[in-house]
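**Student:** Sequence order for the protein chains is A and B. Just so we're aligned: 130 in my numbering is position 130 of the first sequence, and the numbers increase by one with no gaps anywhere. Just so we're aligned: 1013 in my numbering is position 13 of the second sequence, and the numbers increase by one with no gaps anywhere.
Simulated from the structure, these hints should not be mistaken for laboratory data. Each hint should be verified, as a subset may be incorrect.
Claimed, not checked - Covered by chain B, according to a simulated footprint, are these stretches of chain A (three or more residues, beta-carbon under 8 Å): (1) 45-58; (2) 65-75; (3) 254-265.
These numbers were taken from a predicted model, which means no experiment stands behind them. The C-beta atom is built at its ideal place from N, Cα and C for all residues, glycine as well.
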Amino acid sequence: MGDVLVLAEHRDGHFPKTTLVGINAGLEMARKQGGNCLAVALGDNLDGLLADLARYGTAKVIGLEDARLVHPMADAVAQAVAALVKKIGIQTVMATATAMAKDVMPRIAARLDAPMASEIIAINDDGSLVRPMYAGNVLATIELEGPVRVVTVRSTAFDAAAVSDKPAPIEKLKAELDPSNLKMEFVAFNQTKSDRPQLTEARIVVSGGRGLRSGENFKTVLEPLVDELGAAMGASRAAVDAGFVPNDLQVGQTGKVVAPELYVAVGISGAIQHLAGMKDSKTIVAINKDEEAPIFSVADFGLVADLFKAVPEMTEELKKLKH
Amino acid sequence: MKILVPIKRVPDPATTIRVLPDGSGIATDNIKWVINPFDEIALEEALRIKERQGAGDVVLVSIGQQSWQEQLRTGLAMGADRAILVKAEQPVDTFAVARILAKIVADEKPELVIIGKQAIDDDSNQVGQILAELLGWPQATFASKIEIADGRCTVIREADGGLETVAFTLPAVITTDLRLNEPRYASLPGIMKARKKPLKEIAVDTLGLDLHPRVKIKAMKAPQKRQAGRKLSSVQELVQALHTEAKVI
Chain A
1 MGDVLVLAEH RDGHFPKTTL VGINAGLEMA RKQGGNCLAV ALGDNLDGLL ADLARYGTAK
61 VIGLEDARLV HPMADAVAQA VAALVKKIGI QTVMATATAM AKDVMPRIAA RLDAPMASEI
121 IAINDDGSLV RPMYAGNVLA TIELEGPVRV VTVRSTAFDA AAVSDKPAPI EKLKAELDPS
181 NLKMEFVAFN QTKSDRPQLT EARIVVSGGR GLRSGENFKT VLEPLVDELG AAMGASRAAV
241 DAGFVPNDLQ VGQTGKVVAP ELYVAVGISG AIQHLAGMKD SKTIVAINKD EEAPIFSVAD
301 FGLVADLFKA VPEMTEELKK LKH
Chain B
1001 MKILVPIKRV PDPATTIRVL PDGSGIATDN IKWVINPFDE IALEEALRIK ERQGAGDVVL
1061 VSIGQQSWQE QLRTGLAMGA DRAILVKAEQ PVDTFAVARI LAKIVADEKP ELVIIGKQAI
1121 DDDSNQVGQI LAELLGWPQA TFASKIEIAD GRCTVIREAD GGLETVAFTL PAVITTDLRL
1181 NEPRYASLPG IMKARKKPLK EIAVDTLGLD LHPRVKIKAM KAPQKRQAGR KLSSVQELVQ
1241 ALHTEAKVI
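Go ahead and model the full structure; you've got the sequences and the hints to work with.
**Tutor:** Structure below.
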């Protein structure tokens, strides 16, 4: 007992950094619990993916195969994973808190009758966990009571698992699915087309706020800077609310949490809920014309300026730097 | 169609939250309490579905102390038909909340439960999903568009990297994301009418449920504050600082 099972999410035929973060947190949890860390991937025809997953230092990787798991619906995933957990005896089921994990992990917890902690940022030696509450204004130390528990981890709080020189053994199992309990139907996935890095993986993130004033200005003013820096683009909740950009660019308490090496906040006032999503970034730059804006209280470098002048100027300066 | 909308009382999002010196909780004096913003979106959506269909019953439910009536009255003023307050003096964890809601669903038999994707106090994002599994119902989390026709529901949901469309037959649980709608304000006639709308109270221990909390908060503390850096006077200076000092570009 004491074993950990990490749900290894894959997309477009590979495991994104967020999955490797989950594996690393799972390895740490297993060490502290005195058990092994296993990883499970769901889908169909998983051979190539499982061989890749086996490289990251877990004691074993398991493939749960079924054609009905290619577009994983929460009810199907919960059934398949809970059945596996019961079969092999797992103490902690883990995943990185992506949109997918947020959807399925509570459902897995419910099926296992297990308590769950969302988005932990640390694992203490005594088994207690640390998680932010109230938009990151409170760090709570919590304990989960019971033989089985479910935990999601914040992607910025742990490093990605490193490649190990000893590949893990691979086991493939048929997923246990009861057709009468599969009530959700996948219709379509409409992928946002972008050549930019993913928000949660990027080394540099440039975010825009209400100060940009329109979706058009995101394109003409902000995007040239984003691309000059090879950055991912983010946005404040206010900009999403105003309809300037899609919701999956939202950085903050109710959007994505990022901690890149460089975070550039443009025309963002710095509401508590936005700071919750970016204040662990290594270097923070704020460009805002209001010198009282709270964003300056967390910025390493602040520039009080009209963004419509400063941003194009910065893009030009960066071009010069390259030459 | 009968729609159940669970709502939670939370501190106003603009409130500064302070941890008590002994780490036992947060300071609750001077807090303005509001309906959790995502639950407000859930209520708005329920009202719109009722308005589109020309008939229906929108039932609010909340779990907490007597004072939580205030938020239920606000919801009634927005347009909900009636409300249920499950009175609980002790704090309840996410699983206990889902168990209570499952019991209310068994009694009320709604065809749809719409609930906020997360409460902005504990930020757990669990209750809707746990409830769906306890009921054996389909779920659509993080909804940005809901269409219902002939008992069939199609939902566009916010996923990583794009929008996913799922479909199912009702009953179901849907959790709301930001772009689903913009909640209305309570009108003055709405506020007057709300006073006369039914608000039923149920004592939590009469439900006969195991609500023993299994997520235990041992201590709370404030995170370390990030120090403000310095203000620069020009774009050139900023780019230089990032290049030579921070070495990030």
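**Student:** Confirm or reject each hint.
**Tutor:** Cross-check of the supplied hints:
1. 45-58: violated (count 0)
2. 65-75: holds (count 3)
3. 254-265: holds (count 3)
Violation of the numbered hints given earlier is confined to hint 1; every other hint is satisfied by the structure.
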